[in-house]
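Q: Residues per chain, in single letters:
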Amino acid sequence: MGTSADTHVFLRSVRLFRNIEGPELGILADSLRERALKRGQVLLREGDSGDEMFLVRSGSLVISKAVTGRVEQVLARVGPGDFFGEMALFDRSPRSATISADNDAVLLVLDRAALAKLTEVSPRAAAAFFESLVLIFIERLRASGDLVAEVTRWGLEATGLDVETR
Amino acid sequence: MAEAPHAPPRRARLELLVRREDEGDGFELRQIGSGVAFVQSRPQRVAASSFELAEVASKVDGQHSFILKNTATDRFLLLSGPERFLWEQMDGRTSLQDIATAYVLRYGEFDFEIIPHLIRKLQRAQLLTMAPTSRLRQALARNRRQPVAKMAESALFALERVNISSRNVQPFFRGIYRWGGFLLFTRAAVVVCALLAVVGFAAGVRLWPDAERVVSGFGKSPLMAVISVKLLFLLTVGAHQLVHGLALIHYGRRVREFGFTFLHGFVPTFYVDVTDIFMGSRKARVVTAVSGALVHLVLGSVWLLVALRAPMGSFLQAFAAASGIIQWQAFVVALYPFCFIEMDGYHVLVDVLGIPTLKHDAIGYVGGLLRGRRPRRFTRETALFVGYVVVSTLSVAAFIAFNVWLIVHAT
Numbered sequence: 003m004g005t006s007a008d009t010h011v012f013l014r015s016v017r018l019f020r021n022i023e024g025p026e027l028g029i030l031a032d033s034l035r036e037r038a039l040k041r042g043q044v045l046l047r048e049g050d051s052g053d054e055m056f057l058v059r060s061g062s063l064v065i066s067k068a069v070t071g072r073v074e075q076v077l078a079r080v081g082p083g084d085f086f087g088e089m090a091l092f093d094r095s096p097r098s099a100t101i102s103a104d105n106d107a108v109l110l111v112l113d114r115a116a117l118a119k120l121t122e123v124s125p126r127a128a129a130a131f132f133e134s135l136v137l138i139f140i141e142r143l144r145a146s147g148d149l150v151a152e153v154t155r156w157g158l159e160a161t162g163l164d165v166e167t168r
Numbered sequence: 253m254a255e256a257p258h259a260p261p262r263r264a265r266l267e268l269l270v271r272r273e274d275e276g277d278g279f280e281l282r283q284i285g286s287g288v289a290f291v292q293s294r295p296q297r298v299a300a301s302s303f304e305l306a307e308v309a310s311k312v313d314g315q316h317s318f319i320l321k322n323t324a325t326d327r328f329l330l331l332s333g334p335e336r337f338l339w340e341q342m343d344g345r346t347s348l349q350d351i352a353t354a355y356v357l358r359y360g361e362f363d364f365e366i367i368p369h370l371i372r373k374l375q376r377a378q379l380l381t382m383a384p385t386s387r388l389r390q391a392l393a394r395n396r397r398q399p400v401a402k403m404a405e406s407a408l409f410a411l412e413r414v415n416i417s418s419r420n421v422q423p424f425f426r427g428i429y430r431w432g433g434f435l436l437f438t439r440a441a442v443v444v445c446a447l448l449a450v451v452g453f454a455a456g457v458r459l460w461p462d463a464e465r466v467v468s469g470f471g472k473s474p475l476m477a478v479i480s481v482k483l484l485f486l487l488t489v490g491a492h493q494l495v496h497g498l499a500l501i502h503y504g505r506r507v508r509e510f511g512f513t514f515l516h517g518f519v520p521t522f523y524v525d526v527t528d529i530f531m532g533s534r535k536a537r538v539v540t541a542v543s544g545a546l547v548h549l550v551l552g553s554v555w556l557l558v559a560l561r562a563p564m565g566s567f568l569q570a571f572a573a574a575s576g577i578i579q580w581q582a583f584v585v586a587l588y589p590f591c592f593i594e595m596d597g598y599h600v601l602v603d604v605l606g607i608p609t610l611k612h613d614a615i616g617y618v619g620g621l622l623r624g625r626r627p628r629r630f631t632r633e634t635a636l637f638v639g640y641v642v643v644s645t646l647s648v649a650a651f652i653a654f655n656v657w658l659i660v661h662a663t
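Top line first, the protein sequences correspond to chains W and G.
Last residue of the first sequence: 168 in the numbering used here, with the numbers rising by one and none dropped.
Last residue of the second sequence: 663 in the numbering used here, with the numbers rising by one and none dropped.
Derived from the structure by calculation, the hints contain no laboratory data.
Check before you lean on any hint, since a few could be wrong.
To be verified - Some chain W residues close to chain G (C-beta under 10 Å, calculated; not the full set):
hint, residue
1, 73
2, 76
3, 77
Said to hold, decoys possible - Counterexamples of contact, computed for chain W against chain G with all Cβ distances above 12 Å:
hint, residue
4, 53
5, 60
6, 74
7, 113
8, 118
9, 125
10, 130
11, 136
12, 146
Remember, it's a predicted structure, so these values are computed and weren't measured experimentally.
Note that the Cβ used here is the ideal one computed from N, Cα and C, for glycine as well.
So here's chain W without its partners, still in its complex pose (with noise of 0.2 Å):
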C-alpha cells in the first residue's frame, strides 16, 4: 500500500492531473483509495454499474468487448498512469467494457463523492481536470476511429472481399 505522500508523488506524474495545484492535489490524493488486483482477475464487467473510476498505479490492464461467446475484442491496454471507468462516473450508465487484469495491478478509485469535493473546494483544479479529460477524450476518439477502421479493413480482408475492383 502506498501512503498519501506516495500518491500525491504518483498523481504529479499522471497526465490528467498534471494542471492541479499541489494543495488541490493532495485533497485528492486523500480521497482515492487503493485497489489491487491479480492477474486475470476481472474488475468489472460490461453491464455492471458503477459510479466510479479508476487510475492504474502499477501493473498492467486490458480493456475487452464482448463478441461472441468467451471471445472479446480488445479495445485497448491500459498501464500505469492511464485511466479508465471515467464515463460512468458522469452518466451512470452500466459499464461499456469489462476490465480484466493482465499482470497483478494496483488501482486508485475515484469516485463521484471525491470528484464532487473537489469540484467543491477548488472550481480551478476542477476546471483544469476536466480540461485534461476532455483532451484525453479526443484522443480516444481519434483511436477509436482508427480501431474501427482497423476492424473494417480486418474483416475485408478475412472475407476476401475485392471491393477496389468491384
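Since the structure of chain W is already known, use the hints to place chain G on it.
A: For chain G alone, coordinates are given in the frame of chain W:
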C-alpha cells in the same frame, strides 16, 4: 516509423481476449491476422457420395430451401438458396475470395456473415474441409506483376486443373477383384507379405556392406538414374491406390472415383475415393488403409531381392536397390502417422484415438504454446497434442537427414 512508399500494406490484426473454460478469471490474449490463409483457402465439400441434397417444397413464392444430408453421419442441414449456391462453389478449387465474388455477381450484394456462418455449419456437420493454398502459391500471387511469377502461377494453376478420372470405376474394380484381386485379402496373402518382408530385409542387410559398389552401377549420371527411379515409383502409387479400391470391394463398399491429378499443382499422384468405407467397420477402415501401403513393402522386397541377384556394380543392381529403398521408404511414410502428413497410418491413428482433427488441433495447440499462450489444464488430450507435434517434428527431421545422406552418398 513511416512505411516505405511501395511497401505492401500491413495486414490488419485483431486482438482478442479469450476466456478460459472452467478456470475462473483466466484468459488468453490472441492476435488474429486478417486471415490470409482464410481468404486463400479453398473449402472442399465432401465427395458426392457422402451427401444428398433435396429441395424442400415451400408454399411461399420465391422461397426455396434445401436439405443437405451427410450420408456418412446422417446429419441434416437446412440451406437457403444462397447457401446452396455457395455450397456448389466449394469444390476445393475455388478460393473463398472467388466464392465471395461469385456470390456478389449472382446476388448483387454481399453478406459478410453468410460464408463464415455456412462454413462453420458445414464443418460441424463434417461436410467440409479447408485446404489452404501453399506458401509457394501465396508468394507467387503476391508477385503476380513479375512475368516469371505470373507464368509459374499460371502453370501451377493449369496443372492443378489436370484431373484424369472416372466415376464409373466400380465395375472395373469388381472385375479385378473377381479375377484374382480377392487373393490379396486372404490369410495366404498376409503370410506371403510377411515372408517377403523378412526375405527383403535380409537381402537389404546383405547388400548394405557393399552399398558403395552397388550404387556405383549408376555410372556417371546418378541424378538422372535417381529421377528415373522416382518416375517408376510414381506408377506404383497407382497400384497402391488400386489396392485401396480392391479393399473397398472386399468389404462390399463402393469405389466412387479413381484418377490422376497434380496435388497442389505440382505433385503428380493417383487417387481413389474411399469415403464409402466410413460406412464400414473399423476393421474394414484399417484394412483399407494398410493394404495400399503393403504394396510398397512387397515391391520393395522384390526389388531388393533383384538387387541381390543382379551382377555386383551393374546398373540393374543399382536401380533395383534404389527402387527397393524408395518403396520401403514409401511404406514407412504411408503407415507412419507422425509426419504431419495425413496418410494411411495417420487415418488409422485418428480412427483409433477418435480425434479426426488431431493434426490440426495439435499444431494449433503447440503453436499457441510457442507464441507464449499459457497452457490449458494438462489433460490426456493436450499431452497427445504435444506428443504428436514433438514426435512428428523429430521424425520429419530424421527423414530429411536420411534422404540428404542417401543423395550425398549416391552422388
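Q: With chain G as the partner, please determine if residue 73 of chain W meets the hint condition of a C-beta pair closer than 10 Å.
A: holds, 5 Å
Q: Given a cut of 10 Å on the nearest C-beta pair, is the interface hint for residue 76 of chain W held or broken against chain G?
A: holds, 4 Å
Q: Does the CB of residue 77 of chain W sit less than 10 Å away from some CB of chain G?
A: This hint holds: residue 77 of chain W lies near chain G, its Cβ roughly 9 Å from the closest one there, short of 10 Å.
Q: Quick one: work out the minimum CB distance from residue 125 of chain W to chain G and report holds if it exceeds 12 Å, violated otherwise.
A: The assertion about residue 125 of chain W holds, with a minimum of 40 Å to chain G.
Q: For residue 60 of chain W, which was marked as not at the interface, is the minimum beta-carbon distance to chain G over 12 Å?
A: holds, 19 Å
Q: Is the nearest Cβ of chain G still more than 12 Å from the Cβ of residue 136 of chain W?
A: holds, 27 Å
Q: Quick one: work out the minimum CB distance from residue 53 of chain W to chain G and report holds if it exceeds 12 Å, violated otherwise.
A: holds, 23 Å
Q: A cut-off of 12 Å on Cβ-Cβ distance, and residue 74 of chain W was said to be off the interface with chain G. Does that hold?
A: violated, 4 Å
Q: Taking 12 Å as the cut and beta carbons as the points, is residue 130 of chain W off the interface with chain G?
A: holds, 34 Å
Q: Does the no-contact call for residue 113 of chain W survive, Cβ to all of chain G over 12 Å?
A: holds, 24 Å
Q: Far enough from chain G: is every CB of that chain over 12 Å from the CB of residue 146 of chain W?
A: Given that every Cβ of chain G is farther than 12 Å from that of residue 146 of chain W, nearest at about 15 Å, it holds.
Q: Would residue 118 of chain W pass as off the interface with chain G, using Cβ distances and a cut of 12 Å?
A: With a cut-off of 12 Å, residue 118 of chain W remains clear of chain G, as the shortest Cβ separation is near 32 Å.
Of the numbered hints given earlier, the model fails hint 6 alone.
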